[in-house]
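Take the given structure of chain A and dock chains B, C and D to it, following the hints.
There are 4 protein chains.
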Amino acid sequence: MSDLDLKQFSVRTDLALEAKEIAEKGGAVIPGVSATTLDDNGIRITTLSVDNEHGSQAIGKMIGNYVTLEVPGLRKHDSSLQDRVSTHFAKQFELFLQRIGVHQNAKALIVGLGNWNVTPDALGPIVVENVLVTRHYFELMPNDVAPGYRPVSAVSPGVLGITGIESSDIIKGIVEQSMPDFIVAIDALASKAIERVNTTIQISDTGIHPGSGIGNKRRGITEEIMGVPVIAIGVPTVMFASTIVNNCFEMMQKHFQSQTSNTGQILGLLDQMEENERLELVREILSPMGHDLLVTPKEVDEFIEDIGNIIASGLNAALHQAVDSTNVAAYTH
Amino acid sequence: MSDLDLKQFSVRTDLALEAKEIAEKGGAVIPGVSATTLDDNGIRITTLSVDNEHGSQAIGKMIGNYVTLEVPGLRKHDSSLQDRVSTHFAKQFELFLQRIGVHQNAKALIVGLGNWNVTPDALGPIVVENVLVTRHYFELMPNDVAPGYRPVSAVSPGVLGITGIESSDIIKGIVEQSMPDFIVAIDALASKAIERVNTTIQISDTGIHPGSGIGNKRRGITEEIMGVPVIAIGVPTVMFASTIVNNCFEMMQKHFQSQTSNTGQILGLLDQMEENERLELVREILSPMGHDLLVTPKEVDEFIEDIGNIIASGLNAALHQAVDSTNVAAYTH
Amino acid sequence: MSDLDLKQFSVRTDLALEAKEIAEKGGAVIPGVSATTLDDNGIRITTLSVDNEHGSQAIGKMIGNYVTLEVPGLRKHDSSLQDRVSTHFAKQFELFLQRIGVHQNAKALIVGLGNWNVTPDALGPIVVENVLVTRHYFELMPNDVAPGYRPVSAVSPGVLGITGIESSDIIKGIVEQSMPDFIVAIDALASKAIERVNTTIQISDTGIHPGSGIGNKRRGITEEIMGVPVIAIGVPTVMFASTIVNNCFEMMQKHFQSQTSNTGQILGLLDQMEENERLELVREILSPMGHDLLVTPKEVDEFIEDIGNIIASGLNAALHQAVDSTNVAAYTH
Amino acid sequence: MSDLDLKQFSVRTDLALEAKEIAEKGGAVIPGVSATTLDDNGIRITTLSVDNEHGSQAIGKMIGNYVTLEVPGLRKHDSSLQDRVSTHFAKQFELFLQRIGVHQNAKALIVGLGNWNVTPDALGPIVVENVLVTRHYFELMPNDVAPGYRPVSAVSPGVLGITGIESSDIIKGIVEQSMPDFIVAIDALASKAIERVNTTIQISDTGIHPGSGIGNKRRGITEEIMGVPVIAIGVPTVMFASTIVNNCFEMMQKHFQSQTSNTGQILGLLDQMEENERLELVREILSPMGHDLLVTPKEVDEFIEDIGNIIASGLNAALHQAVDSTNVAAYTH
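Chains as they are written, first to last, in this note's numbering: chain A, 1 to 333; chain B, 1 to 333; chain C, 1 to 333; chain D, 1 to 333.
The shape of chain A in the complex, shown without the other chains:
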């Protein structure tokens, strides 16, 4: 990842939910952005829409639809919670397709972005290995496919360092040859908050843009480029060391504020700074020595496997009427 890419992470977030929270700090109300929230026993689902240019400017996210599942307990390797998340994800994804007008027989191409040799970046490829692929049955024996399935294909384009070709170009080539009606692109993200790493899943219809995700994409995967709608599924799997430090400062401030009225002197200069200013300072201190690492939890292998299975199961149930939450596990490893 080039320094250029890293810069971008410092000033923006890939999650619309976070962008809205940041914009609303200090109590601002943002016209042009609407959101509803649903809680189900440890799973919070936020349906957010950026309705106009005003809202888009205010939170720095494109006009479009965003759904976020937040599951703080997801790092606990609890298989019954995982099943519930998968079922919720399937339902939300199905509703999302309806909302943006994707027909139930529309042909899907699932794209697993990221580097399969770098565990926290391997989420996309893991999902691709576990989804139910059916397009070839429709091509080779269209009359024999049972009802309740749609044509689904799936590829992992790899990353620039492995292929020498932009993943955007690889996908465009495949789209032109295989002609799907829409694309579902899964990507690992860098998080702005410790608590979101491997606990949050975002669905959006605004495509994938250069500088998003962990990998160093230089060209986007968007409806404009691909010619068909692109639904992105993003999961934060890494964070910068500076993010951790900055998060902790904030928690400290809140902690002390609740204990004393004389907040001015608690963290000294840091108290005076705005969040972005403080983050910039932390990065200036850590970066020169190469200490602003992108880090991931020690249990990354298990977390990526678990979330990969949740998304694959959810996609199988959402994309095929014949697959539902009771038999969904049979379709993944």
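Everything labelled a hint here was simulated from the structure, so no lab data went into it.
Worth double-checking, as some hints may not be accurate.
Copies of the same chain are indistinguishable here, so a pair counts whether it falls within one copy or spans any two.
Simulated crosslink set (DMTMM-like; lysine to aspartate or glutamate; CA at most 20 Å straight-line) [to be verified]:
1) Lys-76 x Glu-280
2) Lys-25 x Glu-274
3) Lys-107 x Glu-223
4) Lys-254 x Glu-277
5) Lys-254 x Glu-21
6) Lys-76 x Glu-302
7) Lys-107 x Glu-176
8) Lys-25 x Glu-275
9) Lys-25 x Asp-271
Then chains B, C and D, alone, in the frame of chain A:
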């Protein structure tokens, strides 16, 4: 693999060398096919060309160039032999490119055919993971690339069961986007002879055709389809149980013939049969019960890894002037 | 594997069922060996006991209990069949423990023999990675373990080439330190018949002896050496090329005999030979050129994974009362 | 890892070098601890000995010998630096063996501690897979072993959650059966400083104690328990989120102090705190919400593979006279 594909294996071989040997049985001389052989201490290199339609008909292989490296000791995990094979392969591949008129700066796309989840079919993907990829340097900073390199990209398109899309279509899409000057396609083959499994490497310029290789390709990877020359690298990694039986019959016949003059009664009815007829019989007997399995040696993991590294090292040295046999190992895992 | 080990495979089988079949050829009745058979829709279960020295001599297997599950369809990757096999295996294993007097709270050590780097030899290690391990809960918080579980530990000792130590010695050391009440040892076997490869599971209480399995064990894993009962679970995963040839000869003979009365001249000299004599001939012909390979089906990765999961699920249900066939899948990957 | 174990990390370090640095803060001179340092172009080697009980108390490390290689550039995937580190490591390890009186023919058992399913904890098992194992040659054909080798065996005992048995017990059992003269135990550690993660290797002769390493060992691997000397090789591969925060505070303080004279008000309350007190505060703030994660760099797969190969190559050269820095690569993957 469908029954249809299996049928094809019974009447043809992917190796031009074998096809020629079969056609020459009984002492026939084949006009239109020429071959020269070079031996170097356990490595036999045969350069074969099918020059005209007559030769093509006679041996059942397309007009074109074929180079075969036969290394009976390759299954012995001998690293100094492996280095020698890699060096020979590199030299032969470089000569091959010259012979068919591929310029030394021509842009290469390396394609690893086959299924990475099926070890004996994973040769292509393993090569792709180990070759030196440079195309992105030429794209992103063309003035900074050191002399002695050419643009090389590499992809593993997967198989129909994983992607739902013909590998031929995936490659065509990528070719149209990334515009290489030629393709190098690596594929695992089914062998007609026990002794060739994981010991033989064939280079050819006739492309890859449906029914060749282990996987069930329905469309070819040829210059006609791709618009650029296709150099195929094939390695036999599996064989049918019926092949083993048929090979053994032949060895038995030779064994007995050297011991007795009364050859007529040794193997009874089998003595009377032609090779193809006998193979057909064996397959008729094994197939109904599902016993005509495609098998691979027990040590398949190690064999595929070893040959994958030989080919990757050889390609690195052949494609880049700056990489030679003394530093080639540094460019693979 | 040394030539010595290979020799042993030619004259013996690791499956008591096969040994009995061979001994009974020509209609012999074997006193001292009793067997009952149960068929359930594609699964055949044979419970066999060698009751005395006479029976042991006759079939070349030790006095003891043997249960075999034969499932010809197991190579078809049918998950509902796999579930049924797992359930049957669990029930048979539980009955087996009762029959040989292993108490339901007896402490188990599960041993996965074989080389994890050689896929067809990796069955044991795969089972070990998927069984439910509980011993440490009993050691660390004995009062908090829910009812319905027994102490189970599990290790994969590796092979001589990886560790430099006999697996028998490693296990003995672990047994002395951890003091289990019995051992369950899983091992991959070489098959005498194409149709048994990855379709047959044998449970026995006679331990594991040098020369059995694929790996080159020089010391046994037996009650005599370990001091506690050893239950072996064996699955044929490889076969010799010579086995395939010999199997095919036999099928040919039967095929021709059903078509003609003049059987004498069909396969010439081969007709006159006994099975062992013929196998010896085949091996003499294939071996000198290194062609008597141990081979495994092309799909070995999938087959080993599938059977590993069947055995792990079955052991979990058999060893723990709290785990049964309805929730067994939750305890394996 | 239990909360208990986590606590221990907060107050101690596994690296003697760090312990000495912490104790020397403020300029204290520590009698009973001596150290010499050697620098070679990006590699710093510190040879440290804790000579008496006084020194041991002062820095909180046992009496014994410690050698540390610090290589800040090791995360840059530079293969020529890696070769140099491996050569230095080999030389230091050989000197270490001489210093503590291990004879050049003494039999070694290499133990790879940690969990092979958790990448940052898999260092030990990766080393074990790559070392040259020779013990079985000495056992099976003692007269045929070439000069320049010693008997070396190697095992990865796994972790409690996989085996149900303490790794200490497994090793003790194997030691009693295979009777090595000394043990080399490789373990992944938690770091107290960002800059040490995957850049530092420590050799020591004080064994491995409960609470050290990443895994939750409850019993030690020491000469007292094993009956033979234990040489530990430790590499920090993970760090706590709180460590990152605390490191950053310290860097901030230094940064500001160099810019202003009025240091008292810069970080407010934090300026007044001692390091341990401040770390405690950070942990109190992060822990309740489960945010004091153990994290590892995103590129963990590559880092662990690289350092595993360095250590394996180094051990091969150090343990066998016949293997040296010019041919060492041939003995690892």
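Each hint tested on the structure:
1. In this assembly of identical chains, the alpha carbons of Lys-76 and Glu-280 never lie at most 20 Å apart, being 33 Å within a copy and 24 Å across copies at closest.
2. In this assembly of identical chains, the alpha carbons of Lys-25 and Glu-274 lie at most 20 Å apart only when taken from the same copy (11 Å versus 33 Å across copies).
3. In the homo-oligomer, the alpha carbons of Lys-107 and Glu-223 lie at most 20 Å apart inside one protomer (15 Å), although the nearest pairing across protomers, at 30 Å, exceeds that limit.
4. Within a single copy, Lys-254 and Glu-277 get their C-alpha atoms as close as 18 Å, and across copies as close as 19 Å, so both meet the 20 Å cut-off.
5. In this homomeric assembly, Lys-254 and Glu-21 come within 20 Å of each other (Cα to Cα) only inside a single copy, at 16 Å, whereas the closest approach across copies is 33 Å.
6. Taking CA atoms no more than 20 Å apart as the test, Lys-76 paired with Glu-302 passes inside one copy only; the shortest distance there is 10 Å, against 26 Å between copies.
7. Only within a single protomer do Lys-107 and Glu-176 lie at most 20 Å apart by alpha-carbon distance; the minimum there is 13 Å, versus 22 Å between protomers.
8. For a Cα distance limit of 20 Å, the shortest separation of Lys-25 from Glu-275 inside one copy, 10 Å, qualifies, whereas the shortest one across copies, 32 Å, does not.
9. For a Cα distance limit of 20 Å, the shortest separation of Lys-25 from Asp-271 inside one copy, 16 Å, qualifies, whereas the shortest one across copies, 28 Å, does not.
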